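Okay, here's what each chain looks like letter by letter:
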Amino acid sequence: MTTPRTVSRRDFISTGLAAAGGLVVGFALPGGGRRLLAGEESPDGVLNAFVRIAADDSVTILLKHAEMGQGISTSLPMAVAEELGCDWSRIRVEHAPAAPAYFHTAFGIQVTGGSTSTWESFEQMRKAGATARVMLVETAAEAWGIPASDCRVENGVVLAGDRRATFGSLAAAAGRRTPPDSVALKAPKDWTLIGKSTKRLEGADKSAGRAVFGLDVRRPGQVFAAVARPPHFGGTVASFDPARAKATPGVVDVVAVPSGVAVIAKSTWAAWRGVSALEVTWKDGPGAGVSTRTLLEEYRALARTPGLKAAAKGDAEAALGKAAKIIEAEYDVPYLAHAPMEPLNVTVELGPTACDIWTGTQMPTTDVAAAARVLGLDPSKIRLHTPWLGGGFGRRANPRADFVAEACEIAKRVRGPVQVAWSREDDIRGGYYRPMWASRLRAALGAGGLPTAWSHTIVGQSIIAGTPFAMMIQDGVDGTSVEGAANSPYLAGIPDFRVGLHSPVGPVPVLWWRSVGHSHTAFVVESFLDELAHAAGIDPLEYRRSLLRNHARHLGVLNLAAETFGWGRPLPEGRAAGLAVHESFGSFVAQAAEVSLEGGRIRVHRVACAVDCGPVVNPAGVEAQMQSGIVFGLTAALRGEITLHRGQVQQSNFHDYPILRLSDMPEVTVRIVNSTEPMGGVGEPGVPPIAPAVANAVFSLTGKRLRSLPLRLP
Amino acid sequence: MKLTVNGREQDVDVAPEMPLLWVLRDTLGLTGTKFGCGMSQCGVCTVHVDGKAVRSCTTMMSSVEGKSVTTIEGLAADPGHPVLRAWHELDVVQCGWCQPGQVMGAAALVAKNASPTDAEIVSGMNGHLCRCGTYGRILAGVRRAAEIGRTK
Ligand code: FES
Ligand code: FES
Chain R
0 MTTPRTVSRR
10 DFISTGLAAA
20 GGLVVGFALP
30 GGGRRLLAGE
40 ESPDGVLNAF
50 VRIAADDSVT
60 ILLKHAEMGQ
70 GISTSLPMAV
80 AEELGCDWSR
90 IRVEHAPAAP
100 AYFHTAFGIQ
110 VTGGSTSTWE
120 SFEQMRKAGA
130 TARVMLVETA
140 AEAWGIPASD
150 CRVENGVVLA
160 GDRRATFGSL
170 AAAAGRRTPP
180 DSVALKAPKD
190 WTLIGKSTKR
200 LEGADKSAGR
210 AVFGLDVRRP
220 GQVFAAVARP
230 PHFGGTVASF
240 DPARAKATPG
250 VVDVVAVPSG
260 VAVIAKSTWA
270 AWRGVSALEV
280 TWKDGPGAGV
290 STRTLLEEYR
300 ALARTPGLKA
310 AAKGDAEAAL
320 GKAAKIIEAE
330 YDVPYLAHAP
340 MEPLNVTVEL
350 GPTACDIWTG
360 TQMPTTDVAA
370 AARVLGLDPS
380 KIRLHTPWLG
390 GGFGRRANPR
400 ADFVAEACEI
410 AKRVRGPVQV
420 AWSREDDIRG
430 GYYRPMWASR
440 LRAALGAGGL
450 PTAWSHTIVG
460 QSIIAGTPFA
470 MMIQDGVDGT
480 SVEGAANSPY
490 LAGIPDFRVG
500 LHSPVGPVPV
510 LWWRSVGHSH
520 TAFVVESFLD
530 ELAHAAGIDP
540 LEYRRSLLRN
550 HARHLGVLNL
560 AAETFGWGRP
570 LPEGRAAGLA
580 VHESFGSFVA
590 QAAEVSLEGG
600 RIRVHRVACA
610 VDCGPVVNPA
620 GVEAQMQSGI
630 VFGLTAALRG
640 EITLHRGQVQ
650 QSNFHDYPIL
660 RLSDMPEVTV
670 RIVNSTEPMG
680 GVGEPGVPPI
690 APAVANAVFS
700 LTGKRLRSLP
710 LRLP
Chain X
0 MKLTVNGREQ
10 DVDVAPEMPL
20 LWVLRDTLGL
30 TGTKFGCGMS
40 QCGVCTVHVD
50 GKAVRSCTTM
60 MSSVEGKSVT
70 TIEGLAADPG
80 HPVLRAWHEL
90 DVVQCGWCQP
100 GQVMGAAALV
110 AKNASPTDAE
120 IVSGMNGHLC
130 RCGTYGRILA
140 GVRRAAEIGR
150 TK
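As you go down the protein sequences, you meet chains R and X in turn.
Heads up: the first sequence at position 252 corresponds to 251 in numbering that gives the first Met the number 0, and the numbers run straight through without jumps.
Heads up: the second sequence at position 144 corresponds to 143 in numbering that gives the first Met the number 0, and the numbers run straight through without jumps.
Pulled out of the complex, with its shape left as it was, chain X reads as follows:
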């Protein structure tokens, strides 16, 4: 099956119902996308499919065939990405496991809405769990990322 990952065409020989997450991590060796629940509950597996944030743990391979997937590795190829810059400025990270997913979720959010209100940030990011409790800095981080994005 063919798909594009971070701009590169990939041909993988996997079951059509295999979740995209495990194709990325175990077949393609892209381990930046993390696992947390396997049932769309935590958001740590978030990637972009044709620019939209999706939970890769419940996205079947067959549904992304021929589509364009961006993972955290792809987004971070630009270290000046507003979300990464904001995350660094505000020192958001703790253990870090949830953070690639948070970053992907935040990036999709600010791409869609350049000036999100706090309520929009909360509803947009509410599906992203963080057991370390970095929520205060995540909220501030998305605000800041939007600001950087607007002045860029």
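For reference, chain R alone in the conformation it holds in the complex:
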């Protein structure tokens, strides 16, 4: 997501006594009062807790963002612990419930996206930790009759001379105190935890199979449901015969829901079998005739017309018209499914006046609103629990809350708790894809070989049109469609440029997919730039250096990646190198890749990656995210493609929607720039540069410029 990069709301700290007799620190909303009293609405006594300290010395940290692999379950506790001074081994993490106090300070809803979690929560988490520490210290000082300044904190213990008191023993009394008006936070030079590689807190629970994910939720009397959804987008049920499904062993019921026909059973497997046995006649909807092949032709034709202005300076057309040397190219990328390893699932337990929902989600408050609408309940009657997420990549952040709304429709028609599970086929065929994009670029090269005019027209569906995020569309331009292209650093030195956008509407549902617009713009811009460098006869690294001379952070990562890679050094026979640099989500990443061909297939041997994401909380986490982004991006570069033929999605599972395997894994080296610039994200920025780096290397190796993803040699 594209994010306003300021944390605008003032935080109001509230503290109080936990139900179990401990200290709770939370944040109250502005206008909601400075301090909330114990027992008002939450069993903790304080609404919207961020940190709880219990009598047994345990420290529970509530995550307002969802942990889906990106590592905030460790980086955010590190921020708390840095200020709190607790015993790291006593920290537990939980996802926060859905509530306004956990709203994203920039988006105004509760959401995990835009690679924002760490920087967005960083100060809140440190403040919560510091507040708790001050209150614990004050409690001890008062009991000992000494000034608080005589006390120090170490590893979960308050100390003064030979006196010592553990956090747990002080927590109850501390919870009755008035919180300090303000707390001082440590200066970055005094950090002892932030900046040190730290292991994932819940890692052991996950590898041992103890961690509970959404699909692992088991409620007493729970039944399992699966849904037969239309074979093409926008289709509806004309009629259905439940008899064969009902005769399937284990099936208990068949019910019609707005999204299709649901089969309720005693096991997930029986529900899926019931779905296969169902006889449904579907009514054609708007998506019945869609074929991506034809759609792409339409997109290409549109790309040859100007479109709405996303960015412009001077007169690009006139400058191109006069130019002596013009380079022109068309690029495209396909629809892509997110394919998180844990398929979507929702468990709903609907009671007479309230409802509990368990689902791995990136948008809890949006889901609650959707559930409330479907169930006819007030949102305050819906408790949304977020278990661990087996990946998300954007699919679990749907402004339309499709999976939650559907599960609530089913729950209304079923007695007792029900778990709706998506099969992999449901997931791959279920839409909400990364949009398909086409681009047309033209550039004029000046005497020195550098571009003097630039025109780029982008065609693809808007992700946010028709959603509450549509208010971010300005003058018809959805910024997420052109991010990375309309603000490309290369434009800065070009006197005449224009970036245009067409946002055709279509029946295929689209959604943000890890790195959103950057997932296509980086490929297109960085490949095209490589074309210009080769046309100018200049080394691609030198070419970028000339154009980025006033972009210190781009230049910094570019040089570091090139140095780490050994750019320019001879490579083994049959191998070649390519590179790319791209800024997204406040971070700058450059990658250089070495490739060869094995039996006509592209093989990536090694990748050098440099990242500047500002101050680093957990270096191990940043490195893991860069590796992760590279693998995710390579899957899209080499394998990923969703195609439709006459309305039917042609892929269905990992055999025809393959993702990278261990044998495809390049050797990856990650270097992190030591930076005091503003903090950026890391979950997404590792993805965009890899596809162009590989495409550029393939050009270097073969002389063939591949302008479509996935990269395939003819």
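These aren't lab readings, by the way, just hints derived from the structure by calculation.
Here the structure is a predicted model, which is why all the values come from computation and not from measurement.
Among the clues, some could well be false.
Stated by the list, open to error - Some but not every residue of chain R turned toward chain X, in silico, with C-beta under 8 Å:
1. Ala-203
2. Lys-205
3. Leu-214
4. Asp-215
5. Pro-219
6. Leu-294
7. Gln-626
8. Ile-629
9. Arg-660
To be verified - Calculated lysine-lysine pairs in the DSS-like style (CA-CA distance at most 27 Å, straight line):
10. Lys-411/R / Lys-265/R
11. Lys-1/X / Lys-265/R
12. Lys-185/R / Lys-198/R
13. Lys-66/X / Lys-111/X
14. Lys-151/X / Lys-1/X
15. Lys-188/R / Lys-703/R
16. Lys-151/X / Lys-111/X
17. Lys-198/R / Lys-51/X
18. Lys-111/X / Lys-265/R
All C-beta atoms, glycine included, are put in the ideal place defined by N, C-alpha and C.
We have chain R already, so just place chain X with the ligands on it with the hints.
For chain X with the ligands alone, kept in the frame of chain R given last:
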């Protein structure tokens, strides 16, 4: 139908063609074994049947009748298991969904081959997908697990 799961005898009343995965997860409530594809493509459902790694999503209940099944819950009953220790040392996990299957696959691999080469690790673990891209640490993790196993 009878089978032994993690050393305990179980008697389940299910269809013979029901995949072992769903017997474990939905009938016996052992949710440590995960689902990813249902067609032997991803490895997240890996368990051991009589010590051999199998894909439980495509293993029919009738084929494991009377056999001994070990799931991740059974393996993790020993927190000192070399694979778990290696996984922790190298901080392999990300979202974690694929990891119980990776651990079961790795455990079977090092049990069979105490000193696997990198090529043997890659071919042994290649059927285990990870959408989070933890592959670099999986390779290192299996190497380390083998090492721990040898010195144990
Ligand atoms: S779920 Fe069994 S191999 Fe994928
Ligand atoms: S850790 Fe997320 S799929 Fe492997």
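Structure-based check of all given hints:
1. Ala-203: holds (6 Å)
2. Lys-205: Holds: closest Cβ of chain X sits about 3 Å from Lys-205/R, inside 8 Å.
3. Leu-214: With Cβ-Cβ at 7 Å, under 8 Å, it holds.
4. Asp-215: holds (4 Å)
5. Pro-219: violated (11 Å)
6. Leu-294: violated (27 Å)
7. Gln-626: Because about 6 Å separates Gln-626/R from the closest Cβ in chain X, which is inside the 8 Å limit, the hint holds.
8. Ile-629: Hint holds; Ile-629/R Cβ to chain X Cβ min 7 Å, cut 8 Å.
9. Arg-660: holds (5 Å)
10. Lys-411/R / Lys-265/R: Between Lys-411/R and Lys-265/R the Cα gap is close to 18 Å, so the pair holds against 27 Å.
11. Lys-1/X / Lys-265/R: The hint holds at about 19 Å.
12. Lys-185/R / Lys-198/R: Within the cut-off at roughly 23 Å; holds.
13. Lys-66/X / Lys-111/X: holds (19 Å)
14. Lys-151/X / Lys-1/X: violated (34 Å)
15. Lys-188/R / Lys-703/R: violated (50 Å)
16. Lys-151/X / Lys-111/X: holds (16 Å)
17. Lys-198/R / Lys-51/X: violated (31 Å)
18. Lys-111/X / Lys-265/R: violated (38 Å)
In the structure shown, a violation is registered for the earlier hints numbered 5, 6, 14, 15, 17 and 18, in ascending order.
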